[in-house]
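Protein chains: 4
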Amino acid sequence: MKLGFVGLGNMGAPMARNLLKAGHDLVVFDVVKSNVDALVKHGVGRVKGVNTPAAVLDGEVEAVITMLPAAQHVKSVYLGGDGLLTTKVNDVVLIDSSTIDPMSARDVAKAAADSGALMLDAPVSGGTGGAEAATLTFMVGGEEALFNRMKSLLQAMGKNIIYCGGAGNGQVAKVANNMLLGISMIGTAEAMSLGVSLGMDPKVLAGIINASSGRCWSSDTYNPYPGVLENVPASRGYTGGFGSDLMLKDLGLATEAAKLSKQPVPLGSLAQQIYQTFSLQGHGGLDFSAVIKLFAKK
Amino acid sequence: MKLGFVGLGNMGAPMARNLLKAGHDLVVFDVVKSNVDALVKHGVGRVKGVNTPAAVLDGEVEAVITMLPAAQHVKSVYLGGDGLLTTKVNDVVLIDSSTIDPMSARDVAKAAADSGALMLDAPVSGGTGGAEAATLTFMVGGEEALFNRMKSLLQAMGKNIIYCGGAGNGQVAKVANNMLLGISMIGTAEAMSLGVSLGMDPKVLAGIINASSGRCWSSDTYNPYPGVLENVPASRGYTGGFGSDLMLKDLGLATEAAKLSKQPVPLGSLAQQIYQTFSLQGHGGLDFSAVIKLFAKK
Amino acid sequence: MKLGFVGLGNMGAPMARNLLKAGHDLVVFDVVKSNVDALVKHGVGRVKGVNTPAAVLDGEVEAVITMLPAAQHVKSVYLGGDGLLTTKVNDVVLIDSSTIDPMSARDVAKAAADSGALMLDAPVSGGTGGAEAATLTFMVGGEEALFNRMKSLLQAMGKNIIYCGGAGNGQVAKVANNMLLGISMIGTAEAMSLGVSLGMDPKVLAGIINASSGRCWSSDTYNPYPGVLENVPASRGYTGGFGSDLMLKDLGLATEAAKLSKQPVPLGSLAQQIYQTFSLQGHGGLDFSAVIKLFAKK
Amino acid sequence: MKLGFVGLGNMGAPMARNLLKAGHDLVVFDVVKSNVDALVKHGVGRVKGVNTPAAVLDGEVEAVITMLPAAQHVKSVYLGGDGLLTTKVNDVVLIDSSTIDPMSARDVAKAAADSGALMLDAPVSGGTGGAEAATLTFMVGGEEALFNRMKSLLQAMGKNIIYCGGAGNGQVAKVANNMLLGISMIGTAEAMSLGVSLGMDPKVLAGIINASSGRCWSSDTYNPYPGVLENVPASRGYTGGFGSDLMLKDLGLATEAAKLSKQPVPLGSLAQQIYQTFSLQGHGGLDFSAVIKLFAKK
Chain A
355 MKLGFVGLGN
365 MGAPMARNLL
375 KAGHDLVVFD
385 VVKSNVDALV
395 KHGVGRVKGV
405 NTPAAVLDGE
415 VEAVITMLPA
425 AQHVKSVYLG
435 GDGLLTTKVN
445 DVVLIDSSTI
455 DPMSARDVAK
465 AAADSGALML
475 DAPVSGGTGG
485 AEAATLTFMV
495 GGEEALFNRM
505 KSLLQAMGKN
515 IIYCGGAGNG
525 QVAKVANNML
535 LGISMIGTAE
545 AMSLGVSLGM
555 DPKVLAGIIN
565 ASSGRCWSSD
575 TYNPYPGVLE
585 NVPASRGYTG
595 GFGSDLMLKD
605 LGLATEAAKL
615 SKQPVPLGSL
625 AQQIYQTFSL
635 QGHGGLDFSA
645 VIKLFAKK
Chain B
355 MKLGFVGLGN
365 MGAPMARNLL
375 KAGHDLVVFD
385 VVKSNVDALV
395 KHGVGRVKGV
405 NTPAAVLDGE
415 VEAVITMLPA
425 AQHVKSVYLG
435 GDGLLTTKVN
445 DVVLIDSSTI
455 DPMSARDVAK
465 AAADSGALML
475 DAPVSGGTGG
485 AEAATLTFMV
495 GGEEALFNRM
505 KSLLQAMGKN
515 IIYCGGAGNG
525 QVAKVANNML
535 LGISMIGTAE
545 AMSLGVSLGM
555 DPKVLAGIIN
565 ASSGRCWSSD
575 TYNPYPGVLE
585 NVPASRGYTG
595 GFGSDLMLKD
605 LGLATEAAKL
615 SKQPVPLGSL
625 AQQIYQTFSL
635 QGHGGLDFSA
645 VIKLFAKK
Chain C
355 MKLGFVGLGN
365 MGAPMARNLL
375 KAGHDLVVFD
385 VVKSNVDALV
395 KHGVGRVKGV
405 NTPAAVLDGE
415 VEAVITMLPA
425 AQHVKSVYLG
435 GDGLLTTKVN
445 DVVLIDSSTI
455 DPMSARDVAK
465 AAADSGALML
475 DAPVSGGTGG
485 AEAATLTFMV
495 GGEEALFNRM
505 KSLLQAMGKN
515 IIYCGGAGNG
525 QVAKVANNML
535 LGISMIGTAE
545 AMSLGVSLGM
555 DPKVLAGIIN
565 ASSGRCWSSD
575 TYNPYPGVLE
585 NVPASRGYTG
595 GFGSDLMLKD
605 LGLATEAAKL
615 SKQPVPLGSL
625 AQQIYQTFSL
635 QGHGGLDFSA
645 VIKLFAKK
Chain D
355 MKLGFVGLGN
365 MGAPMARNLL
375 KAGHDLVVFD
385 VVKSNVDALV
395 KHGVGRVKGV
405 NTPAAVLDGE
415 VEAVITMLPA
425 AQHVKSVYLG
435 GDGLLTTKVN
445 DVVLIDSSTI
455 DPMSARDVAK
465 AAADSGALML
475 DAPVSGGTGG
485 AEAATLTFMV
495 GGEEALFNRM
505 KSLLQAMGKN
515 IIYCGGAGNG
525 QVAKVANNML
535 LGISMIGTAE
545 AMSLGVSLGM
555 DPKVLAGIIN
565 ASSGRCWSSD
575 TYNPYPGVLE
585 NVPASRGYTG
595 GFGSDLMLKD
605 LGLATEAAKL
615 SKQPVPLGSL
625 AQQIYQTFSL
635 QGHGGLDFSA
645 VIKLFAKK
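Residue numbers (the working numbering), protein chains in the order written: chain A, 355 to 652; chain B, 355 to 652; chain C, 355 to 652; chain D, 355 to 652.
A few of these clues could be false.
Identical copies go unnamed one by one, so any copy, or any two together, can satisfy a pair.
Unchecked claim - Below, computed lysine-lysine pairings styled on BS3-like, alpha-carbon distance capped at 25 Å:
1. K429 x K513
2. K429 x K464
3. K442 x K647
4. K402 x K387
5. K557 x K402
Derived by calculation from the structure, the hints in this document are not laboratory data. Keep in mind that this is a model prediction, so the values were computed, not measured.
One chain only, chain A, in its complex shape:
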């Protein structure tokens, strides 16, 4: 299949490489010219670089995947002066894998529908590791028939491809899940720190929690206390993984969506403030489990 790809950053570049590996040819755009050049070099003869988002559509592509940092970039790439929706888009499937707020996703989806385009929102989880290994989870919103048609394409980049309902629901699922993740991680950090400061061995405590009602992904799969689990960021100085500032961004999307929806989220909101405090203290680049540093005694 001939595909378009817009946004070749830390996540987009490996995703695009996996599409090449699966046999697709690409027409690509990125505001950073060197990102385009690197991919053109990587996929010799099968990647064409262009100078605007709209130009991606000139190449007779069947679908376009976009992977951008924030809602403002998505709006610009879709709705801007040289954006995708300025061109004839009939029959092309537009798939936005950026993580943005559900309301913006729905605004773009509506504009796409008005232009006659087919569109899915399909944010991912799994980080750069998952992008490289093609093991991302895609949470997808849009028409179910379209989802079914595009599922195998997404499988070239990910492992779990989940249908979440109508337009924007991929983003809803992601912000809801990641808000709960941020809360659980801080909760686990507090509980582990409390137990250890009261005299318990961290491995014993984690074992009990994981066999009890406090069990969560943050305790049993990604425990923030150093030494409890191997092969997690906590056991290698909180490097790699999912950055604290990315969690902060997702919590910001969640509380923004909650505000627009008139929905109280007191723990989600406090989690955002805790990550903001952590970031202000200079730790935004560490894995998000490093937030335990705010609570653990030295």
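Could you slot chains B, C and D onto chain A? The hints should help.
For chains B, C and D alone, kept in the frame of chain A given last:
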């Protein structure tokens, strides 16, 4: 084995009946005389009621289990004028299954040791349902050899008997686990309410979370959103289960322990305040998953 | 002076009437035609209604005041297809008295400057009562010389006209002040409720706080506990005053500005969530001091 | 008058010296012998040191003032084996100026009444500076007639002597006031940091807040932003003043009292957690306005 039992309330009474069922004879005390009478009647000829905690020890019992509402009662039963530690307690094993703060548990354990008694703290989780069905989890602190000796006795009342380390560590494990449970439950309630208010189907959302990094016991085993799971309080009007006011009590123990230990627990503390607000609004008797009523739109 | 006025809602209408009273003639626009008609009728012969924001400028006005509900309306009225900045605006002074986030205010100010217009942001406090009585406080951002030139015009509508610094600073001052106000109000509500529930007379407690370090505007001028002060909303069923949903809006602006500025505001953020919870329970129309209902025992 | 004094620490010692200055003779006790010796040396011939709290009463004193760090010390000095209430206390007035939780204060007051003693709880605010200068504020609970009789005695140590109602109400007033103070201080720190990070001059912002509804003692008298006010801790590196760990202690008393009273205090509780976090980062010895360091950008 001949055993003592002090505290025959909602939890203690079924625990004592399970000990009878396992073949043990009992000497029992409760401040409410009718509780004692009921058990004497239940275990005809094998249960003897006495008038003070200390008198339980007169009956040549090998161990005494205590199951009391709060630290003040535990201190009174152990350290009071007619308490267990006023009597010769050598060789008798004292097992406190009350849920109290770790510092009080350690104070009592120290007094017991000073009196020559052997003691374990062994708080439980599983609620009245688990007490009836003998499926409680016991989190046990004290000497490991003593734990091993008493494990089979506890198995007459529970299913998981977990060793947590030295004196008080059973209480530490319980407050740490339950604080995380309270946080996760509110977090799940916020995330489910947010997702639904943004247009998602609650079952679809729960399914995605449970397959992702937001997964926790509160989402996959005890989901607070009505209709997501069968056979949980959320699907029967939040009756049965673990009462909101009991969660409030446990969060109070956790934040008190954190204060004494100079340990910040911001989410644990806010969770306590949310349950206190919920209780003030008259809902303390509902299952603790009912806290979602504070967030869900009608 | 001949002036333009855009936005004749609950706040704008009385402000416009005060301008008439001070001798100014008006050219006015509002999306609700009946609002325009009412003012035309009120100021017979001295008010002209027009059909677009841009048309206000056709009337050779010296300045235009805009008073709109939210940033989206401000952007539409200034930057939209028939907005103020589509026309020749040289020498006309544009004064936006809407309460919006500082970043949006600065975006509009920049667009105005690019169009050659002179602009001030001048949000108000004092509510509809202050708008009627011409006792509003104006917090003004923009060029100081321009502020000095316009000060007497604003005095036709308000009592305190405060210069806050460059463009957007009027909005900054307002969100910072109102965030602190929201925090202080909830803090006062908690402290009064706590003291009374522990047995103190509310008037005695308020008197002590007001003579001590807990003193604040919410305790000494607008106390939320019924009966402590006369002539405040708490003593008339929380009617009148500054609505809870308006406080919720301002806290939303504050936390949004904080997010963009990477600034932690944990209490401000929790205050927002508390007002959101209060609003969800159906009390958004009550004065913002009614938030004490969440804490006070019946 | 001949008086007893128990507790000659940083606060008690200067208070006792002021009593000497006012012409009273003293019988004193402190667990630290050198504190007693220092006062004996200071008030040559007019101060007698004794070896137990109870022994203070042997000297035919008319009243005893106690000034102790926490509830456990108060209970020990009043109710302990050689405590004040073990002796005949008829007609002696006992005045406890320690800051403790209201429930403990009422327990001691009840024990005193049972022993036939007259008692007042009279916690102070004003810090060591106020203790030296005899400008403390006393918040007094107990019988009003007794308060009136003792008022002039307290005036030897303080400036504002405020009657708060029955036994324990002095403590209630203090915890309620100081909880609101802690909340207002953090709120002011957040609002000032937010405004400055958005581009405002801190003095201008403080001036606007202090003329508006955000006004509070923490903004107009004790502003935490460096350089806004002279002669406050913020302008001398946060030295002197009221220590962060003392604020943390008072917030702990407030949330404990709230828990026992089943009263939600979400902002008070989060304020406690913020001061606990600040203390964990090593700043407990700084003035409590230094908490702004958690929020202000460098």
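| query | Between copies, within a copy, both or neither: which fits K442 and K647 at Cα up to 25 Å? | reply | neither (52 Å within a copy, 48 Å between copies)
| said: My question is about K429 and K513: at a cut-off of 25 Å on alpha-carbon distance, are they close within one copy, between copies, both, or neither? | reply: For K429 and K513, the Cα distance exceeds 25 Å both inside one copy (28 Å) and across copies (43 Å).
| query | How would you classify K429 and K464 at a CA-CA limit of 25 Å: within, between, both, or neither? | reply | Both: 12 Å inside a copy, 21 Å across copies.
| Are the CA atoms of K402 and K387 at most 25 Å apart within a copy, between copies, both, or neither? | Result: close within a single copy only, 12 Å intra versus 55 Å inter.
| task | Give the relationship of K557 and K402 under a CA distance limit of 25 Å: within one copy only, between copies only, both, or neither. | result | This pair counts as neither: shortest intra-copy Cα distance 52 Å, inter-copy 43 Å.
Violated hints for the displayed structure, listed by number in ascending order: 1, 3, 5.
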